[in-house]
Amino acid sequence: MATSSFFQSSRAVFSAAVLLRAIFLVYGLFQDAFSPMKYTDIDYFVFTDAARFISQGRSPYDRDTYRYTPLLAWFIYPTTWPGLWFSFGKVLFAIGDIVAGWLMLLVLRSYQNMPQERALKFASIWLLNPMVATISTRGSSEGLLGIIVTALLWAVLAKRIELAGFLLGFAVHFKIYPFIYAASTVWWLDGGDSGQKNSGTAKKPGSMVAQIFEFINCERLTLALYSLVTFMSLNVIMYLAYGFPFLEHSYFYHLIRIDHRHNFSPYNILLYLNSFPDPTTQSSVELEHLAFLPQLLLSAVMVPIALAKKDLPSTMLVQTFAFVTFNKVCTSQYFLWYMMFFPFYLPDSTLLRSPGIGISALILWVLGQALWLQQGYQLEFLGNSTFVPGLWASSILFFLVNVWILSIIIQDVKAKSHLSHAVKPVKKVP
Amino acid sequence: MKHRITYLVHNPDHFSPEQLSVKDDSLALSKVDAAKEHRITFGLSELPRELRKAFEQWHELHIRWATESPYTAISPFTSRVSPGLHAFFTPHKDQSAGPLCDLLREAFGHGLGCEGPEETFIKLPILSGRFSMSSSSQYYAHVPSLPNLVIYIQQKVCPASSTSCQKGASSLLSASYLDIDYDTISHALILNAYWAREPTSGTWTETISPRGKEETIEIGVLNNEKNPDPEDVAFSGFLTVLGQDTSPKPTRFQTPTRHYPLPSTELTYKTSFSHPTGLHPTLLISLPRANLEPPNPTCKLHAHLTLPRTLFIDKYQFNDELFLASKNLVSLRSLHGATDLEAPDWVVPQWGSAALFELAVPSDQQKENQDEWQVSIPMHLRYLPPSETGHREVPVPWPVVFWACRSEEGAKMAVNPFDRLHLGYEGLFGSKTRFMHVPPSGNASRLFEEISVPVLNLERAGPVEWGTVGVVVAAFLWLCWGLFRGAGGNDGKEVEKGKKKQ
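Just so you know, the sequences run in chain order A and B.
As numbered in the working numbering, residues 11 to 440 make up the first sequence, in order.
As numbered in the working numbering, residues 638 to 1139 make up the second sequence, in order.
The shape of chain B in the complex, shown without the other chains (with noise of 0.2 Å):
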């Protein structure tokens, strides 16, 4: 088992070495400042048993959970998912998916609706053939908090004695990510949690210590560097490898990356739905004008939408130009999934579908405007199950908001430590692609939109059943008594009645 800790502090101004001690062979931080990234690589042999045949039936399979809340996140940690558990799983060739969805539920919660993967997962489009990394197929539910994976630790793998391993596992109730990921060239399992901060004090006062002799620590506490290459970020800091080293190693290192950090720091959005939302419901993603400059020419502006299959994305209503002007769209990139344009919703076995649009940006006269630069994306709604109220909540992740921009590295970008991959959306483009992330606006309270969906009323449908057949019934026979009543009988009269009128 390793692990990797990684520090990032917030204010490199605010940090000093003598925050860190190294004692023996373990280390003590002292209110650091940090946001902190810890990655735990097990070997297979490492794993429970259940745990272990599970993932030699696979190929891959890559988890990505987000909070709900808003975070703050600092290079190299930007990259982001619309909050609530993805899975991108590939199975191995003419192999069944065996107790993928069983698993999925005992570990993020029983009430996930996960049939198998090849009913309930979608499939993704790859548009970059180079990009052989991408999964082949997707899944996504809401998932606000960790719980029950949690539990799910504490009780399948965390060694009896551990209360270390029994500790670090309910830390996981207040992280901002959680990646798991597993493939089957590595055979080895890894598990990545990001916290944009420490959740009670909001500083770090911790002393990190190996817990049997196979576990190796290494520990980086991290500032960003100014002014690195173009297409680079920059670190400098302190390694410290436990039980290796007496005192922390300076260290200063430079990488491509996927994710740079955004120039400007006041662009955030925020997420809505236009008022009353019906059966038709418009997302709305607002932005301030000002701070919407492209970082460089090559770059565009995106939103990835992962939407339950309630809502659904008509991909025939972005054809016109026209049309996609009036809402701020430049184009509808990709969709995927469950797109079916009537069915409802209890006769779609998929999760629903993930959309990527291609965003406009304000022409330098629509910039002098005050308010803010609003892109709406008109959607439908599936008819759901009646309800005894008259209504569904149901949620909707916010999604993410990301300029896409043409980068000169490429490949390299893979030799950065903190590389993130299988978000769902690096697939859709080049493999020479940069992404700048917008983060959302602080202020929302969660990244969730709730829409209220208007459903048949139980309460009220009592006489529904019987009224509509009653009256059907009623008047066919009614007709049927009209059509065929004293046939024959008055023929000679309405003649006469006829002949008049000629």
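The shape of chain A in the complex, shown without the other chains (with noise of 0.2 Å):
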């Protein structure tokens, strides 16, 4: 069969891939040349007009609405120089979705001990994604991110752990929200052959101080250091290059930030209805103030907890699904943020064994969002006032969907037991 001969080797995969990728690119180009309607993302624009900005020796922040470190809009400063260098963005971008591809291939074939062929087909799910290859080859910075966490789950799971601990200090540094696999990773890096060891110790009661200090064991300080040494030295270095409003933009505006531009989020209306200054209608508790306990708890805490040590890739999925699915804010593009753990999860998850149940969750989870557009179209576009019912209710229905597709995945992790456990010391890097 033509497809089976194509997913044995990784040369016609990859190669697809970048030709994927390279359409796109071109495709876009033609579309920005010819068409008053772009095919490049806003946010490409602002990274270009802020890398612009530091060639010119200013504050990427003079650009409204840069809220990002100020790295990003350095590794793109080639898109300063003339010509098609506009685009350097985009093919580093799309470079880093192809290199996020490779290095889960390495994770499927070395650290779930599967085959080559069926490694490819769900590495594929990324590499030959369209959306994902639309999202990198119209700008948007997500791409990247896609190295990174990949890349630092690669690094934990070969216990490169200065490495790791790199890859997580720049990662939380980069957009925030990876700070959550700290905890993930920590609760795994249990010692060396930490199936056996878990287990013993479970038995072991101990004084309080023994198990502290079982628990801080090499590794996790280590992955603590180097992690922290990362992201505080290049705080302190963009802080001292761009003063405050680096602080401001690239954190502080995410925990206080007020737009409430509707989004899938299921807080977004009770946030716009608790937000304006109004003395008539009187809100009992400031209950958006907490809409971040059961977030943090379930991503940050709980779930790691639970599941960490059971299976760290489909963990940080549950992690990085769970804080979406909860987050105040919540647009299409950080569904990425959970799509690139799907490939470590999926091989056997109750999603693909009983497809019926696979197949409704994709319906669901693709119809929750269409509901949602539909009225959002009605009053981006028509002026309809749709944000109650129509715009909440369907948020909460996208929300209640996307739970129900989490505690799948939950119910698997559990299921996997310390499978994974008896995988990791197989340790043959090809």
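Simulated from the structure, these hints should not be mistaken for laboratory data.
Where a beta carbon is used, it is the ideal one built from N, C-alpha and C, also for glycine.
Some hints here could point you the wrong way.
Calculated lysine to aspartate or glutamate pairs in the EDC-like style (CA-CA distance at most 16 Å, straight line) [claimed, not checked]:
1. A:K48 with B:E958
2. B:K952 with A:D74
3. B:K952 with A:D53
4. B:K952 with A:D72
5. B:K952 with B:E995
Computed footprint of chain A on chain B; a stretch qualifies when at least three of its residues, placed anywhere within it, have a C-beta under 8 Å from a C-beta of chain A [unchecked claim]:
6. 909-920
7. 948-959
8. 974-987
9. 1081-1092
10. 1103-1114
Relying on the hints, combine the two individually framed chains into one complex.
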């Protein structure tokens, strides 16, 4: 069969992945040159404007809505050079995509003991995904995040702890939310051959102090030290170079943001309702300030504790999925954050084993968004007041669909038990 | 107190000197079909204490108000601002602005959103450094008419005995525009009102006489003269200084002018929003193709927009040539004020923003098309507070449209006795710029467009709070239960299941 021989060759898959992105890139160039409707993402103009400011010796934060680390603008510095260099950033993001796909393949082959063909098929969920290719070739920086986070996962599994620490610190500096992976990796790193030891310690009562000392092992210390030093030194450097606007736009903004433009988050309408100062409607408690509690408890505490020692990649999927689902702001680019973990989880998942559940999950997930988008279209372009019940109900529905999928994944990962640990010591890096 | 009253006759053929008669120290007009400008200059000492004290704290204040009904403008009164209340203000260095907002509210309506010049006013960009005349900050509010001001003047400024002052104040209700100017150098307050025509009968029949010895009144009844030097406007007619002249004195003069009459009388514009407006309304300016010829090659067509903060323009949209061309725009020349791209309405302290666009004109081939030339300006709405109906109506004033042309004369324009400055846009051009204003279409009922903005409907929002919290808490608890139920209990079974797969 043509498809089976295709997936036997990594060269074929990667060539196809490169070709896919090249076609999108060139198509984008044409659409941008001939149509007032641009293929290029608005954010890309934000990055490239910021890079131009940097090249003029100014601050990237002189560009409104630049809410990223100055490093991003530095990465795409060549976009300030004339001509085709403007697309440098997109090429960089697309290369990031492909390297991330290669790292996925590596993890699947080495740490999930998957044969080449099967591993290539699952890596193709990312590599040949038109949505992923579109996002990076339109110039969205989420593609870079893919490579950083996948590299972090690989480094942890490969026990390259210094590198993992560095990547973790860098990822948090870059996009904040990867801090949730600190909890799962730390929990997972429970000494050399974690599987046996884990069951061993459970039987040993020991004193509190002993338990704490047992918890603070060398790997965990190394990871903490490297990530903290990387994170803090990047922040100090950026703060020295760009001052308070750096802190304000790359960190504080995300904590205190007040724009409630409609988005998929279940909290969205509640935030709109409670955010404007009006003495007539008195909210009993300021519930929206507590919204981070379920989100952080789940993604940074409970999921890592319950699942990390069973299967690290799938735990990271659950963490990210929970983080995005319970977030106060949720747009479709956030879906990419968890999508990069699906190739690790899907191979022995309920979603694939029972096609009925898998297909209904996919349909409901798409349908939830479609419903919401239809309401959003009515609001945004027809001017109908669809905030309630339309938008609210569809965001709640989409939330419930996500929670249901989340619970399926959680049960799957729980069921894995120590299987993945048994695999772990077999380290045959090709 | 000095008065200068100027009548600009609409049609010289319909006017004869017999319509004017001077008796003792008064002048009577009979059925004069004309536009009228009435300018009153007060010395600071002639003002009530409250006002005098306030003005003394300021460097300059220029108020421009224009009616929302379309009016015809005759040279030299062709300059325009968007309908509503504009204020241009510069405080003394390092001094507080005092009760400026309180006074504005008292004079123009208590509903004005004005916290203080520091918060509410927007900074004006000064593109032309030589234009030292420009004020430093700008304010705007939707004020459709002036009943508040009439009452304010009658109660606080007019002497209690003077019925002519009371009457004069109430005549402001029919004014087409009103200017109030104060600056620290002249130490005088100038009130300048313009009526496009007499509001009831259409012609002026009135007798003007001074109220006291301190008042001087100068009255001009003028025609526009044809064919003066290029760039000049010329007038002929009669001047009378009450108490000095026993008969109207013939006069004739010409002057360079900043606001020059438009050669074509058929060029007008209409403003509308493309429907449905949604959350991203597009403002449309329609002009007849045939008359869109630049009056001379240096002239560029511009539109100056005054946008309440509900609406904003995303300047980054206007960088792309293709995009601009598809909207019949040349460029966004200037944008200042509340331009935050994300903030909802209730966190923006400023009143709004002002924008200047250069508009494209049709090329020769494009002229042959019959339909109107349409310029579109995409905008965005901020989130507004929820309401009981699910919508909120937002009034948006029409922009002003004009040709800006290079001029040879520059500084001499200020000698024009009718020169009008501080309109919000002249400071964005060089000092040697002439403006030829395109009037808004006379067919429009008012020079405002209403946008219906969708907002959260409070009547239906009851379940949102407990519903959201309930669903999130339930989902959270369910996931927790899923994570920790039977911890360690069913491991064995699952491992077996896994093994089978391997």
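Given the hint that K48 (chain A) pairs with E958 (chain B), test it: the Cα-Cα distance must not exceed 16 Å.
holds, 12 Å
Just to be careful, I want the Cα atoms of K952 (chain B) and D72 (chain A) compared with a cutoff of 16 Å; is the pair within it?
Holds, at about 14 Å.
Mind checking, does the segment 909-920 of chain B have 3 or more residues with a CB under 8 Å from chain A?
holds (count 5)
Closer than 8 Å, Cβ to Cβ, for at least three residues: run that test on the segment 1103-1114 of chain B against chain A and report holds or violated.
As far as the segment 1103-1114 of chain B goes, the hint holds, because 8 residues have Cβ atoms under 8 Å from chain A.
Are K952 (chain B) and E995 (chain B) close enough, with their CA atoms no more than 16 Å apart?
holds, 14 Å
Are there at least three residues in the segment 948-959 of chain B whose beta carbon sits under 8 Å from a beta carbon of chain A?
holds (count 4)
Run the distance test for K952 (chain B) versus D74 (chain A): straight-line Cα separation, threshold 16 Å.
The given pair, whose Cα atoms are some 10 Å apart, holds under the 16 Å limit.
Verdict on chain A covering the segment 974-987 of chain B, criterion of 3 CB contacts below 8 Å:
holds (count 8)
Coverage criterion applied to the segment 1081-1092 of chain B (partner chain A; beta-carbon cut 8 Å; 3 residues):
Holds, because 4 residues of the segment 1081-1092 of chain B bring their Cβ atoms closer than 8 Å to Cβ atoms of chain A.
Taking 16 Å as the top limit, are the C-alpha atoms of K952 (chain B) and D53 (chain A) close enough?
holds, 14 Å
When each numbered hint is compared with the structure, no violation occurs for any of them.
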